[in-house]
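Protein chains in written order, with the numbering used here: chain A, 73 to 321; chain B, 73 to 321.
Think of the hints as simulated: they come from the structure by calculation, not from any bench.
Incorrect hints may have been included.
What the hints assert, rightly or not - Covered by chain A, per the in silico footprint, the following chain B stretches (three or more residues, Cβ under 8 Å):
#	stretch
1	115 to 124
2	185 to 197
3	250 to 260
4	268 to 278
To be verified - Restricting the straight-line Cα-Cα distance to at most 35 Å, the calculated cross-link-like pairs of lysine-lysine (DSBU-like) are:
#	chain 1	residue 1	chain 2	residue 2
5	B	LYS97	A	LYS314
6	A	LYS181	B	LYS177
7	A	LYS307	B	LYS177
Just so you know, even glycine gets a beta-carbon here, dropped at the ideal spot from N, CA and C.
Number of protein chains: 2
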Amino acid sequence: MGADLVTAGVLVIGDEILSGRTKDKNIGFLADYLTQLGIDLKEVRIVSDDREAIVEAVNAMRARWSYLFTTGGIGPTHDDITADSVAVAFGVGIDHDPRAVALLKDHYKEGELNEARLRMARIPFGADLIENKVSKAPGFRLGNVHVMAGVPSVMQAMMDALAPSLASNAALLSETIDTGIGEGLVAEPLRLAQARHPDVVMGSYPYLRDGTFATKLVLRSREQGKLVAACDDVKTMLADLKGQQQTQL
Amino acid sequence: MGADLVTAGVLVIGDEILSGRTKDKNIGFLADYLTQLGIDLKEVRIVSDDREAIVEAVNAMRARWSYLFTTGGIGPTHDDITADSVAVAFGVGIDHDPRAVALLKDHYKEGELNEARLRMARIPFGADLIENKVSKAPGFRLGNVHVMAGVPSVMQAMMDALAPSLASNAALLSETIDTGIGEGLVAEPLRLAQARHPDVVMGSYPYLRDGTFATKLVLRSREQGKLVAACDDVKTMLADLKGQQQTQL
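Construct the complete structure from the given sequences, taking the supplied hints into account.
This is how it looks when you write it as structure tokens:
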């Protein structure tokens, strides 16, 4: 995993998520989607519909990660300020984009394309459009920033449209091992196993089962051979651990 | 809404959320919970189990918001590094805390409290403990930072334990109006209504219903009288709008 690992940040924009009124469905989707593409999601932020907050997050995240994906705030209403904020973040102008206007003219009936809807054709200078198969109003890509809708079905269609253009790493392989025992028992041998297999990332995830805690281990690597060796080692470790417990009874 | 508004940030810590393996349930819960308490959630971040990433996010967010709430990374395994990272962020030491050790000794049977489980008693110097009614291992509060577990039932119990100690604003009141029409039609009159009622925040949220987009409006204010006046104004505006549409048919 070198310096040229392909990474991503996700920025969710919207007061309705922060107030709890709307439960976000895009973060989980994008986490799965990017992992399947072989892109490492490293950071997510949720900010309000506030220009200063959006500009700051866009600039911090686009500098840090290979790709930034934003969701929300590109509709026709006064609180949709993502496109204008991204233009400010990049220091470029913004206006009605002829390509986007043409898409909307094609979609809406005569007289339906009012001034508010035309707002959805405001695109920062120098951006490429991202196709929206669901409701036509496009997203856009500026530099390494991909600006998408907040409505999940529209965001997902945009992600499908832009995915073929994204670079990716070798896919991250993973194996899950359900230990059936508490995290406190497995922690120390797991720490030693992690030290023996530095190229395999070992995570430990407690969960409640019938009122007691059990633990799932997830082992991840980009190298199949190393992943298999680490899984074998951990399974042997768990068998030993259970043997010890039975001896103690 | 003056400079002394009580605000909050939420920091979710965990590779398993970023990889998509686990779907976060804490952000939505905390958004609802804080809104009900009358605390304005302003920013959420999700970062990986990486010390540098945690330290940077903790320091950025605790400086900016009245309160910071973190979830995840306080279990017994090697990848649970939140407590150590928070100590680094504050520049204080960390060690086994006698109060936390006593709680764990009380909870575990003789011989069960191994070295890994004792890790859960590592608490930065100067912190207060946050009670955990579910599985005993405590969270902690250091300055304005509240460090909680990632397991939702445990996090929720910790939030219940610390809620009475939190300051809050006058509760934010809200009214939802389902317009039954597309966002593009309501956008311009809504912008004008927003301009007439600056102390009421008006949000517009499109959703798909039977294949076409409809729009819910959410009006929010801390002042009941102003909220009622704005709602009346918006309802009149919508009735006018629907009247115009019927005239056009």
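Cross-check of the supplied hints:
1. 115 to 124: Since 7 is at least three, the answer is holds.
2. 185 to 197: holds (count 6)
3. 250 to 260: Satisfied; 6 residues make the cut.
4. 268 to 278: Holds, because 6 residues of the stretch 268 to 278 of chain B bring their Cβ atoms closer than 8 Å to Cβ atoms of chain A.
5. LYS97(B) to LYS314(A): Holds, because 32 Å separates the two Cα atoms, which is no more than 35 Å.
6. LYS181(A) to LYS177(B): 72 Å, violated
7. LYS307(A) to LYS177(B): Holds: LYS307(A) and LYS177(B) sit about 30 Å apart, inside 35 Å.
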